[in-house]
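For the protein sequence lines, the chains are A and B, in the order given. Counting from 1, position 58 in the first sequence corresponds to residue 57 in numbering that gives the first Met the number 0; the numbering is continuous, with no gaps. Counting from 1, position 193 in the second sequence corresponds to residue 192 in numbering that gives the first Met the number 0; the numbering is continuous, with no gaps.
Check before you lean on any hint, since a few could be wrong.
For identical chains, the list gives no copy identity; a pair is met inside one copy or between any two copies.
As the list claims (entries may be wrong) - In silico lysine to any residue, SDA-like type, Cα no more than 25 angstroms apart, as pairs: (1) Lys5 with Pro190; (2) Lys5 with Glu37; (3) Lys22 with Ser11; (4) Lys5 with Pro80; (5) Lys5 with Pro36; (6) Lys78 with Ile99; (7) Lys5 with Glu120; (8) Lys22 with Val65; (9) Lys5 with Ala24; (10) Lys162 with Arg106; (11) Lys5 with His94; (12) Lys162 with Cys77.
Since the hints were made in silico from the structure, they are not lab data. Note that the structure is predicted; figures quoted are calculated from it, not measured.
Number of protein chains: 2
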Amino acid sequence: MQQSTKIRRLVSLFSRLPGVGEKTAQRYVLHLLTSDPEVARDLGRELGGLHDELRPCARCGNIAEVVPTEEPTVCDICKDPRRDTRLLCVVGRIHDLLAIERTGAMRGRYFVLGRLLSPLEGIGPEELPVPRLVARIADEGVTEVIVATPPSVDGEATALLLKRELAATGVTMTRIASGVPHGGDLEYADPITMGRALSGRQSL
Amino acid sequence: MQQSTKIRRLVSLFSRLPGVGEKTAQRYVLHLLTSDPEVARDLGRELGGLHDELRPCARCGNIAEVVPTEEPTVCDICKDPRRDTRLLCVVGRIHDLLAIERTGAMRGRYFVLGRLLSPLEGIGPEELPVPRLVARIADEGVTEVIVATPPSVDGEATALLLKRELAATGVTMTRIASGVPHGGDLEYADPITMGRALSGRQSL
Numbered sequence: 000m001q002q003s004t005k006i007r008r009l010v011s012l013f014s015r016l017p018g019v020g021e022k023t024a025q026r027y028v029l030h031l032l033t034s035d036p037e038v039a040r041d042l043g044r045e046l047g048g049l050h051d052e053l054r055p056c057a058r059c060g061n062i063a064e065v066v067p068t069e070e071p072t073v074c075d076i077c078k079d080p081r082r083d084t085r086l087l088c089v090v091g092r093i094h095d096l097l098a099i100e101r102t103g104a105m106r107g108r109y110f111v112l113g114r115l116l117s118p119l120e121g122i123g124p125e126e127l128p129v130p131r132l133v134a135r136i137a138d139e140g141v142t143e144v145i146v147a148t149p150p151s152v153d154g155e156a157t158a159l160l161l162k163r164e165l166a167a168t169g170v171t172m173t174r175i176a177s178g179v180p181h182g183g184d185l186e187y188a189d190p191i192t193m194g195r196a197l198s199g200r201q202s203l
Numbered sequence: 000m001q002q003s004t005k006i007r008r009l010v011s012l013f014s015r016l017p018g019v020g021e022k023t024a025q026r027y028v029l030h031l032l033t034s035d036p037e038v039a040r041d042l043g044r045e046l047g048g049l050h051d052e053l054r055p056c057a058r059c060g061n062i063a064e065v066v067p068t069e070e071p072t073v074c075d076i077c078k079d080p081r082r083d084t085r086l087l088c089v090v091g092r093i094h095d096l097l098a099i100e101r102t103g104a105m106r107g108r109y110f111v112l113g114r115l116l117s118p119l120e121g122i123g124p125e126e127l128p129v130p131r132l133v134a135r136i137a138d139e140g141v142t143e144v145i146v147a148t149p150p151s152v153d154g155e156a157t158a159l160l161l162k163r164e165l166a167a168t169g170v171t172m173t174r175i176a177s178g179v180p181h182g183g184d185l186e187y188a189d190p191i192t193m194g195r196a197l198s199g200r201q202s203l
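If we strip away everything but chain A, and leave its shape as in the complex, we get:
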């Protein structure tokens, strides 16, 4: 079958979602075509308005709902007066912020870098919003910065960069722990993870 241009366009748009190849995109389109038309229409409408209703938080980079009377747009976490302003958690992506929020263990606020230092992808220090982070630490009287970038090459490089760049602020800097995950089997832990579990050992 020569696929119709309409289908090809939709398949190529769906393929831009993370982890979606052409086959998966085609499955999505066929599913929507053979389902209740309301689903495609609703999804279409919601997507069309997505960027008008949601925007990055002007303070932390988290997703924030646009409130027409409020300018700049600030997210629920930054608005929440019960959050401890002295504690600031720096993450690479919004996904990571959400993962940390799910634990319910973070009582401070966040700062989303949006990207990690990555020499391989050509992302250098000047592409990270370090000046904004420094300004925020001063403005809000932050006393501890938790660096929650992932324990990967890029994540570690970013953590080291932040350590250097924030040294002058005098803030206490901590790094999330890396080691054998909960329920993980020591036998199957890779050598780097196992090494970190050892070097990061804590007193019992």
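With the hints as your guide, set chain B onto chain A.
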């Protein structure tokens, strides 16, 4: 974070796509939120018009582009005069039709059942479009029906039902082969597949 209603709505809509759970749906939404707004807008627009521009083919059930001056809507395969009308391939879903078309080996036309017989899901014989299939065989002078439902319990049950229901038409009925797939290892073939490969053996 209390997720905004907008995000929750979008996540629940994306979760209706096949194989998409809440986590994947959330990744899609975050990806779209942090990408060029054009992608979400384009996807939204295309999805909104999906069911106005495409419709099931009135003859075979394949996807057909709506042409305002043509009524009823008929797909490219049914319109193609080079296709052999005497050969009709019956499939369960449009996905299967597309998989067969990709081989380039089918020179006849198709009939999409839309569903398979499934006692477990409560889909009985009366829910299959058998009368429409019988009418089409008579109308178009079909001489061979290739039953290309999958080699699963439901697919086999559907094939047997069709064999019984189409007996009176006098049409020749064939079934696609089932056996060890190309490149497959005999060692890893499951016993049912291996049994079919043996019972379906052909002379060398």
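Alpha-carbon proximity between lysine 78 and isoleucine 99, which holds within one copy, between copies, both or neither at 25 angstroms: So lysine 78 and isoleucine 99 pass the 25 angstroms test inside one copy only (18 angstroms; across, 56 angstroms).
Can you give me the call for lysine 22 and serine 11, within, between, both or neither, at a CA distance of at most 25 angstroms? both (10 angstroms within a copy, 22 angstroms between copies)
Homomeric proximity label, lysine 22 with valine 65: Cα distance no greater than 25 angstroms: between (35 angstroms within a copy, 24 angstroms between copies)
If the cut is 25 angstroms between Cα atoms, do lysine 5 and proline 36 qualify within a copy, between copies, both or neither? Close inside one copy (16 angstroms) and across copies (20 angstroms); limit 25 angstroms.
Checking lysine 5 and glutamate 37: alpha-carbon separation at most 25 angstroms within a copy, between copies, both or neither? Answer is both: 18 angstroms inside a copy and 17 angstroms across each meet the 25 angstroms cutoff.
Cα distance capped at 25 angstroms. Does lysine 5 pair with proline 190 within a copy, between copies, both, or neither? neither (49 angstroms within a copy, 43 angstroms between copies)
Since the copies are identical, ignore which copy is meant and state whether lysine 5 and proline 80 lie within 25 angstroms (CA to CA) inside a copy, between copies, both or neither. between (49 angstroms within a copy, 23 angstroms between copies)
Intra- versus inter-subunit Cα pairing at 25 angstroms for lysine 162 with cysteine 77: within (24 angstroms within a copy, 66 angstroms between copies)
Is it within a copy, between copies, both, or neither that the alpha carbon of lysine 5 lies no farther than 25 angstroms from that of histidine 94? between (32 angstroms within a copy, 17 angstroms between copies)
I want to check one pair: lysine 162 and arginine 106. Are their C-alpha atoms no more than 25 angstroms apart within a copy, between two copies, both, or neither? For lysine 162 and arginine 106, the Cα distance is within 25 angstroms only inside one copy (22 angstroms; across copies 67 angstroms).
Cα distance capped at 25 angstroms. Does lysine 5 pair with alanine 24 within a copy, between copies, both, or neither? both (13 angstroms within a copy, 23 angstroms between copies)
My question is about lysine 5 and glutamate 120: at a cut-off of 25 angstroms on alpha-carbon distance, are they close within one copy, between copies, both, or neither? The answer is neither: 33 angstroms in one copy and 33 angstroms across copies each exceed 25 angstroms.
Checked against the numbered hints given earlier, this structure breaks hints 1 and 7; the rest are met.
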